[in-house]
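Number of protein chains: 2
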Amino acid sequence: MFKEIWQQRLKLVEERLPIELTSNPSLDKTLGEAMSYSLMAGGKRMRPILLMAATDAVGGRGEDFLTVACAIEMIHTYSLIHDDLPAMDNDDYRRGKLTNHKVYGDGMAVLAGDALLTLAFETVLRQQGASDAVKLAVVREFSVAAGQSGMVGGQAMDLEAEGRRIPLEELRRLHMGKTGALFRAAIRSGALLAGADSKQLAALTEYADKFGLAFQITDDILDVVGDAAVIGKPVGSDERNEKSTYVTLTSLDEARNLARQTVDEALAALALFGNEAEFLREIVRRLMAREK
Amino acid sequence: MFKEIWQQRLKLVEERLPIELTSNPSLDKTLGEAMSYSLMAGGKRMRPILLMAATDAVGGRGEDFLTVACAIEMIHTYSLIHDDLPAMDNDDYRRGKLTNHKVYGDGMAVLAGDALLTLAFETVLRQQGASDAVKLAVVREFSVAAGQSGMVGGQAMDLEAEGRRIPLEELRRLHMGKTGALFRAAIRSGALLAGADSKQLAALTEYADKFGLAFQITDDILDVVGDAAVIGKPVGSDERNEKSTYVTLTSLDEARNLARQTVDEALAALALFGNEAEFLREIVRRLMAREK
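Listed in order, the protein sequences are those of chains X and A. Residue numbering for the first sequence follows this note's numbering, starting at 1 and increasing by one per position. Residue numbering for the second sequence follows this note's numbering, starting at 1 and increasing by one per position.
Isolated chain X (complex conformation):
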């Protein structure tokens, strides 16, 4: 059931993304191709899926807000393109494909990221069936999550932490920004679009933050014990790169305990919801095994 819903919604997202991408013509053909190359490169589409699941949880229909779901995937994709740049993480491959700058050059990759970030905001405004007030609230969620107190801030911390051992508290703040903020925006936006009341929104925000933390800890665990084919990078790369992670800063056992505890807290945050939140429960449970 869980996998079926995921696959079905993933298909909806895959079909809608190219439509939203070309809603405004690009002045430059190569730019349009570079944007599409990374946006359509596959992936689990976890943020759109989370957004729709949050809509379901408060009694809405996730499929009604595909436009905003696509917008958040644009923000995620832009951040991957910029993070992969030589001046940042300098990665040549992502999901088994050459990174954007390896195909289109560094300058065009910067621009493709810029354009996807910008397009995300324009896309939110095209969402049907949402009031002006809700659209503004979603723009606010996206801009706060993507900006200096969120993703860009976390990436800047990461850039400065390179090759340096950082305290666990700093690592937590780094990931809250770099990856946690957009999970939070996805889940809160899905809830806002469905007209969540303040209690529901607070509960889902708590869930989102625990989800983000559990995601990161299990990611760090997988880097040590995972299957290279599943995690998409060589096992043990964090330790070789002297990266601070939940495993290197504590131990594998402690990280596993923290992950389990965090998953339990995420589930507890959903106590006020019924069956409509079952997908959100299952996705965080499966983080431990990281299979969908």
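Bear in mind the hints are in silico, worked out from the structure with no lab data behind them. As the structure is a prediction and not an experimental result, all values here were calculated from the model. Everything hinted at is true.
In this list, chains with the same sequence are indistinguishable; a pair is considered to hold if it fits within one copy or across any two.
Taking lysine-lysine and the DSBU-like style, the derived pairs with C-alpha atoms no more than 30 angstroms apart in a straight line are:
1) LYS243 <-> LYS29
2) LYS44 <-> LYS11
3) LYS102 <-> LYS243
Given chain X, work out where chain A should sit, using these hints.
For chain A alone, kept in the frame of chain X given last:
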């Protein structure tokens, strides 16, 4: 009078920018400094000034929309930081100061630009005295102007035109995107904030497009005949860099004629406005002499 109004509003913008910049704390100290370094590096603040002048023209008070005026300057600044990168124009100096990446490194400069672009959208939402519908309209103006059919698209065309002679029509489209789109967004946003009707908005849009064209042609002329100290770059640099410009693609005389004609068209577009549009008239007249 013209210079006094400009100076007075420039001062308001300079005072407000650091407040808007720090409305949300940055997760990373260096990132915050890098954003501030470029945002507070001076300049004429032409886009905020144009925005406020458009508000005046339709009977509003430009000073009432300082928040949005600051937001558009953030978008302008982000574009300068990214354009200066080694992967793009590779400039070491701007306005007599080291460019962002020369001070903070390429990675941090990419992030400072990303964060300023993102912050611009968040800032629009903080504007007091504007309805939700108008704020959404301004977000739309900004995102369309900044994206693949505007600034980023024009910059991508520029990247691909390097060292290649391009037809005049292509040059026009390139500049409509790279610089024209944000002038248009500034002027239209100022008008929308003041509640312009559709006739006023159409007239100001026409004015904005003529203004953008006149700005670019006179910029190209100044590169040939200007004073290096005034234009902030060596005279004749476009020709040495084999850049296609209105002067290199036609002649100095033809470019001057086209500039004069375009200024006249910009003035004609303002025919339905009275004295309230005098600042807009004066700013386009002065483009020919490029002194404020």
